[in-house]
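Colleague: Both chains come to you apart, so use the hints to assemble them.
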Amino acid sequence: MQKNLKSKLNYARFGQISFVFTIGMAMYLFTTIPHNWWILLTVIMMSAAIEPGLIIKKSINRGKGTLIGILLFLPLIYLLQLNYRFIPLVFILLSIGISVPNAKRYDISVIFMTMMVFTMNAYNFTVPTQEGPFEATLNRGICTVIGIIICIAGDHFLFRRFDYSRKLYFLLQHELCNMLEKKIEMIRNAHKQKLNRYLIVENLRESFNQAYTTIATSAESIRLSLNTNAETKQKINDFDITIWQLRKAVFGLYYSECILQHNQSSEEHLERFKHLIDKARRNFISLRN
Amino acid sequence: MNILSQINHNVAHWLEKVDPYYTQRIILRKGLYLAVWLTAFNWLAQPDVFNAYALSALLLAPFYENPSLNTYKQKDLALVFAFIISGIGCIIFYLLYPFKFTLLFFSLAYLSGLFFFCDHFYPKFKPFILQTIVVSALNMTIKPAASLQVALDMFFCVMLSLMVTFTAYKLHPNLYPKVWHRAFAHYLAAVSEEIGHAINKFDTHNFIKGASHLNALRAYRRLLPRKLLLNIMKTTVGIRNVQFAINHIYLKDKDEQFWYKFQKEIDAFRLAVIAKQEIAMPFVDANETEPTQAYVVKYLCRSIINWNKICRKI
Numbered sequence: 002m003q004k005n006l007k008s009k010l011n012y013a014r015f016g017q018i019s020f021v022f023t024i025g026m027a028m029y030l031f032t033t034i035p036h037n038w039w040i041l042l043t044v045i046m047m048s049a050a051i052e053p054g055l056i057i058k059k060s061i062n063r064g065k066g067t068l069i070g071i072l073l074f075l076p077l078i079y080l081l082q083l084n085y086r087f088i089p090l091v092f093i094l095l096s097i098g099i100s101v102p103n104a105k106r107y108d109i110s111v112i113f114m115t116m117m118v119f120t121m122n123a124y125n126f127t128v129p130t131q132e133g134p135f136e137a138t139l140n141r142g143i144c145t146v147i148g149i150i151i152c153i154a155g156d157h158f159l160f161r162r163f164d165y166s167r168k169l170y171f172l173l174q175h176e177l178c179n180m181l182e183k184k185i186e187m188i189r190n191a192h193k194q195k196l197n198r199y200l201i202v203e204n205l206r207e208s209f210n211q212a213y214t215t216i217a218t219s220a221e222s223i224r225l226s227l228n229t230n231a232e233t234k235q236k237i238n239d240f241d242i243t244i245w246q247l248r249k250a251v252f253g254l255y256y257s258e259c260i261l262q263h264n265q266s267s268e269e270h271l272e273r274f275k276h277l278i279d280k281a282r283r284n285f286i287s288l289r290n
Numbered sequence: 248m249n250i251l252s253q254i255n256h257n258v259a260h261w262l263e264k265v266d267p268y269y270t271q272r273i274i275l276r277k278g279l280y281l282a283v284w285l286t287a288f289n290w291l292a293q294p295d296v297f298n299a300y301a302l303s304a305l306l307l308a309p310f311y312e313n314p315s316l317n318t319y320k321q322k323d324l325a326l327v328f329a330f331i332i333s334g335i336g337c338i339i340f341y342l343l344y345p346f347k348f349t350l351l352f353f354s355l356a357y358l359s360g361l362f363f364f365c366d367h368f369y370p371k372f373k374p375f376i377l378q379t380i381v382v383s384a385l386n387m388t389i390k391p392a393a394s395l396q397v398a399l400d401m402f403f404c405v406m407l408s409l410m411v412t413f414t415a416y417k418l419h420p421n422l423y424p425k426v427w428h429r430a431f432a433h434y435l436a437a438v439s440e441e442i443g444h445a446i447n448k449f450d451t452h453n454f455i456k457g458a459s460h461l462n463a464l465r466a467y468r469r470l471l472p473r474k475l476l477l478n479i480m481k482t483t484v485g486i487r488n489v490q491f492a493i494n495h496i497y498l499k500d501k502d503e504q505f506w507y508k509f510q511k512e513i514d515a516f517r518l519a520v521i522a523k524q525e526i527a528m529p530f531v532d533a534n535e536t537e538p539t540q541a542y543v544v545k546y547l548c549r550s551i552i553n554w555n556k557i558c559r560k561i
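Chains as they are written, first to last, in my numbering: chain A, 2 to 290; chain B, 248 to 561.
Take the hints with a grain of salt, since some may be wrong.
Below are the SDA-like pairs computed for lysine to any residue, each with C-alpha atoms no more than 25 angstroms apart in a straight line [to be verified]: (1) K417/B x M480/B; (2) K373/B x G16/A; (3) K501/B x E440/B; (4) K9/A x K373/B; (5) K373/B x R206/A.
Since the hints were made in silico from the structure, they are not lab data.
Chain B extracted, bound-state conformation (with noise of 0.2 angstroms):
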């Protein structure tokens, strides 16, 4: 039982090192998900390439977990366009495949048309460009070679295929709270570290870490459901203003006792954060001629009353 629970623990602390925010354990859900979907559909429609069918949901559908694409419009845009332009190229290239000099040149043409149109008008989408050439390339061995059939069944597999993903996607449901609850923890961990570095005025040192939980945090708010989003974006937008004030005082002399005062309501609204728990208002006592030292408390506690409303839902 000692060595189960030890192997859960270290399973568990790996997970989190790995995937501290939870981005990568929701694709493995959607991933067995639309998996199923797939599957059912198969047994429903029987395409008839199923290579066009399957092989473009494994390879495209990953695209909506980008975290580059950060709102609902720009994941959608950016799934439809991926599977209509791998459509379109599955037929070229399996109809030129015999003609093959004509299918080298050409298909340096097609990854230049579509490298400048997307640096021209679809920036985002520059990094995928490639793994879309990958689903056309994959098809075009199919025999027989170069039917115009064929070519059409594998379209609208492609198309099907993006039905169905589409579907499943907009079905399932939302799991980013839990991304921002991580995500915020590692950001008040941050912002607590920082609150040492000021104390001790040591200013060399880079924020990078507390920046990318930010990233994180910045990356999935558009995704939040409505209902929670108001108090969820209060909440963070309290503790980013006590990062900001912090700056402010990095190193200029300090009220030493009142900073680790500070830091520990911080540490302890971080424990109740990651237990999902309500905390108590903080008792610290602000100096009333240090203006920052007010400011810092009235933000804090505004955080804290915005988490207690929603820390049961998350």
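Looking at chain A on its own, in the form it has when it is part of the complex (with noise of 0.2 angstroms):
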């Protein structure tokens, strides 16, 4: 059942990223909104990397970016006639600016963005446009309004009737849970096989540091959906609070057998995971709200 889902939320996430394409690139080819090259753009980097039912912020992150590059690039418009030599050099400066922010402040990589993009048909042309400078603004501000929609319309249409955030969170949850059942086994096993202390805790590192993160990303994504209802939330926060007893349960027991060697506190933390898992198990959200 998980593969089977794993590979539905796969081909959804797909379908999404394909579908707003599409619809940018055929806005950017056959229409003649001025500007519309901004609509793609706009549609393509909201798009990447981003799990959909994040979408909500990274569209407000988007269009606060915007709005606040269009109104600072306004001053330098003048600031620039002074020297146009400064253009590349503005240029270079915002476009490093782009990937200076991290992750979470995408609407500073944005302002950036804007920013530069205005600079870029300012060192490309050659020969005055006609069209003004806030008449550019605001053909840029539709642009990107438009890019915005598009986006959260594929989010709406695609996954909210699909509810992939939820269905992504409940495979999350099964994933994690076997994994720390067979992180058990193993340091139970591993005196029999002869392990290397060293290796079972890279082991454990690895794979604990992957599904935390990735599980608190997507419960994250669940709390921000709008049509999570009380229980849900409550229902993660109990689990979210058992995966963490959990993980001091399996690191407890790496100590005790693996270094103290002591069988009483090993069946100590051993009873306690089993106590957390049942716990963990009886939090699993359901598929359906």
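Modeller: Printed below as a string of structure tokens:
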């Protein structure tokens, strides 16, 4: 079932990207909206490397960033006219600015991106355009809004009905619990199989960090989703607390089994683990609201 | 003067808040450095299609600093792969641009091909696919349309850009010890906090902050310079073992006095790490009958010995 769900989620993700990409591309190729390239750019940049449930947050950042970018660029137009040699320099600095903020501050990246695309126009055109700065600003703003609408529509029509975030979280809950049980088995058999202690720690860290970070992002996406009810949110919070207790129980078991080699302590940790894993499984969310 | 120092302090504080591991500042430095190289090569080589030369580097070079690529081999592969598929994409999108319907269906097929290729053979590259398509699409409107000569020029401009980016990054000094240094100081703070929770038997909190510091340590450890690598690893492993041992005693009755003293030693170690100074061995008497106490003191000492060897070189 899990494998099936995983491939379904993968196809759903591809469906969303290809849907918004095709609409964006069609808008660019077949419409006469001024600056329609900006629609395609907005659509591609918003869909890249993002979980569908978080698209609302990204849209807000995108809209905010574009607006501030445009406002900051207006005085820059007049400053750049003082000496046109500033244009490539400003262009380079702005493009570096795009990659400097971390993924959480997407709005700052968008500010730089907006300003850079405007400067790129100043750099590329050798003849003055008929469009004034305010007109260009307005056109760009409208294109951004159209791009955002396409992304949200893609998210709404494909993912609200498919309930992507919920299914993904459910899958991750299963995977996490299975992984924890496997690790317990591995620690229990470490002596028999003569496993290296250092390699066990490496293995634990690798799997735990990966799984815990992914599930935290997914939980955030469901919490932000507007159609998540209070009961589900409560279940997610309870599950979150339990998995961190489970983590302590597994690490504690590793220490008592592999370092101290103290049977009684190992049994205590194991008992606690069994109790907690039952509790975690009771807090799995249901697939439907 | 007072206002200036206040502003300076506020900026430093803000920087530490938004960029706790120094990674974004490394990106800034590397970005400026690469821009100098690109400008120099632009003067020398005068590439025919400027957009293909400049924009491919500006949009694709940031992949190199992505934390999901945690070895030099992975970084090099991602960079070369990104530039090559963008170069091929540039040619095809540009040649098909006059045939708009064909381009629409082709671009969808290109996206699907790339998505499923990466899904099967190169999953780490999946988040970057759309950015390579932006580079391909940015150059498609260049005039004259659909000229094979221009298409080839465009491809070679992208390759020139790859060559400059690759060489520049290979010659850049290694700044990753700074990332380790900051992440390690934060990790020590998280471990100290964890000891506090263990003393109070408070186990319903999460360790997500500590885990993210540890993630940062792990993501950059294979990028550290070889001469420091061994000591850095031993320093980190010592504290990591201490953290493992704390999980064992979490809900048990424990000698609170010892653990308070031990927490103070960890805090002192953290201050020494922040100041990049040597620190004396801890004065904590471990109870011989309690193996966990002896274990944590042993590994704290081991960690400190290794830190003292490298503190001036970070």
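Colleague: Hint by hint, which ones does this structure get wrong, listed from lowest number up?
Modeller: Going through the list in order, the structure violates no hint and respects every one.
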